[in-house]
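Peer 1: Residue strings, one per chain:
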Amino acid sequence: MERRDFFKKAAVVAGAAAVGSSTAEANLTHQPIDNRKVSTVAFPEKRPLIMYSDRPPLLETPREVFTSALTPNDQFFVRWHMPDIPTHIDPDTFTISVNGLVEKELKISLNELKTKFEQVEVTAVLQCGGNSRSAFTPIAGGIQWGSGAMGCATWKGVRLSDILDHAGLKRDAEWIGFNGSEKAAYYETPNFVRELHLDELDDHVILAYEMNGEDLPYLNGYPLRLIIPGTYSDSWVKMLSNITVTNKYKHLFFMDVAYRVPDNKCECETPQKKAPKTKPIRKMNVKSVIGYPTNGAKINNKSAVVVRGVAWDDGHGIQDVMISLDGGKTWDKALLDDGKLGRYAYRTFRYTFKPLEFGEKTIMAKAINKIGQEQPFDKEIKWNHGGYKYNGIDKVTVEVV
Amino acid sequence: MKKMILITVLLASSLFAQVKENIEVPYVAFPIKMGKGFDAVQANCLMCHSFGYIINQGRQSRQFWRGKVDKMIKHFKAPIDEKSAKIVTDYLFEHYGNNKEK
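Quick mapping for you: the protein sequence lines, in order, are chains A and B. Everything in the first sequence is counted per the numbering used here, starting at 2 for the first residue and increasing by one. Everything in the second sequence is counted per the numbering used here, starting at 582 for the first residue and increasing by one.
Hints were generated in silico from the structure; no laboratory data involved. Do not take every clue at face value.
Said to hold, decoys possible - Partial list, derived from the structure: chain A residues whose beta carbon lies under 8 angstroms from chain B:
no.: 1; residue: V42
no.: 2; residue: F44
no.: 3; residue: D55
no.: 4; residue: R56
no.: 5; residue: P57
no.: 6; residue: P84
no.: 7; residue: H89
no.: 8; residue: I144
no.: 9; residue: A186
no.: 10; residue: Y187
no.: 11; residue: E189
no.: 12; residue: V258
no.: 13; residue: A298
If you're wondering where the values come from, they're calculated on a predicted model, not measured in any experiment. The C-beta atom is built at its ideal place from N, Cα and C for all residues, glycine as well.
Next up, chain A with everything else stripped away, as it sits in the complex (with noise of 0.2 angstroms):
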């Protein structure tokens, strides 16, 4: 791409990049920004959303859209790492390839995926590791993310390991390697690749073509990505063109520096001293985001309000989300969907209540998971130099009229 058409094709002014300086305490974390407004520039398959970048694309969903269990196509949040993308893929040509340490090396076609092999449906959340990071103080590296670089949808596609299976993995194998096609502008710069190794690769794994019922978006990894349901989204390579498989764990700046966290209890440190170990963030913890109301919202005395929003956790199941109108002293139950898409997926819930006082109210969300995990309040969570894994319990503040 040329770098120079930034200046010349520049046809919009962008609104919703900047971030107000931090108003919080230092070292104390917060509530994430909210309340950014979406751009006026639609970009491909999308309606606007919140804009952060053009190249690469970094578009975050507004917090109204959390309401539902599926979140809209056109709607879902979009986050690469690379400038260059490719922006012409051709279905009938794409192929697959799989090889390394395989028996049989393999290019399969999307029809080929599509007919060839049992064709199955996850639905699950996809969170960026950096969802939230705005809340932390002082900033932690990274994208100043809201609360909306997440979405849920129902994938379909077919089971890595079936498509593993029919490779053959050699007895020595032990790494599988995937490769997006995105490009580094630079060809130093490291590009972006994922090494899971096969203990983490489950059935529930899949490569998808297809969300909420259509061809994959463009912007999601048309035409096919990795699924990996329970975990946070930096290894759900999209526009997946290769598989490799290795014995040996190659040292990948995207594996080894970023997405990861303290290898300690808390998954803490402070600015000063950094933990001397990390890990990779994998398993998303406990979280609920409201979708309704939202801040600043009027809503009038006397009259019901539902406050609806959205939980999930890593697939262990949400038990219960409590709801607080008083700051957190105390907490009452929502009422939860029926949990059909799965334990992968959102769970919403909803809560009614009649304001009746005038003025501004709080309302507070804590979803809380079958193991009996529970999101801490905002403050409470410590920090990491990544801003990684921010799950404080939800807030958002409404007047009365």
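Given chain A's structure and the hints, the job is docking chain B onto it.
Peer 2: What follows is chain B alone, placed relative to chain A:
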């Protein structure tokens, strides 16, 4: 299983992308501030990502911005010499700084 087979047949006939031609990712003009050193920023910081990355960080200290420039050089192999690194850091601190050295 029956359902699976049905789905398979249906899909085999709908093998096309929703977008058949090249997709066009729009170009966005980020409201980056002009000033001394901007030439160096333009020459060194636009190769791998948009100015959106810079603006999104909000106002930060000189040490923060120097750290980002160093991160680009060390981790992402950005070809930036020490002279340019200084100019870029000064620019970033001047326009996106919080007046704190650290």
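Peer 1: Confirm or reject each hint.
Peer 2: Now for the hints, and whether the structure bears them out:
no., hint, result
1, V42, "holds (5 angstroms)"
2, F44, "holds (6 angstroms)"
3, D55, "holds (4 angstroms)"
4, R56, "holds (5 angstroms)"
5, P57, "holds (6 angstroms)"
6, P84, "holds (6 angstroms)"
7, H89, "holds (4 angstroms)"
8, I144, "holds (6 angstroms)"
9, A186, "holds (5 angstroms)"
10, Y187, "holds (6 angstroms)"
11, E189, "holds (4 angstroms)"
12, V258, "holds (6 angstroms)"
13, A298, "violated (25 angstroms)"
The structure fails hint 13 only (numbered hints given earlier).
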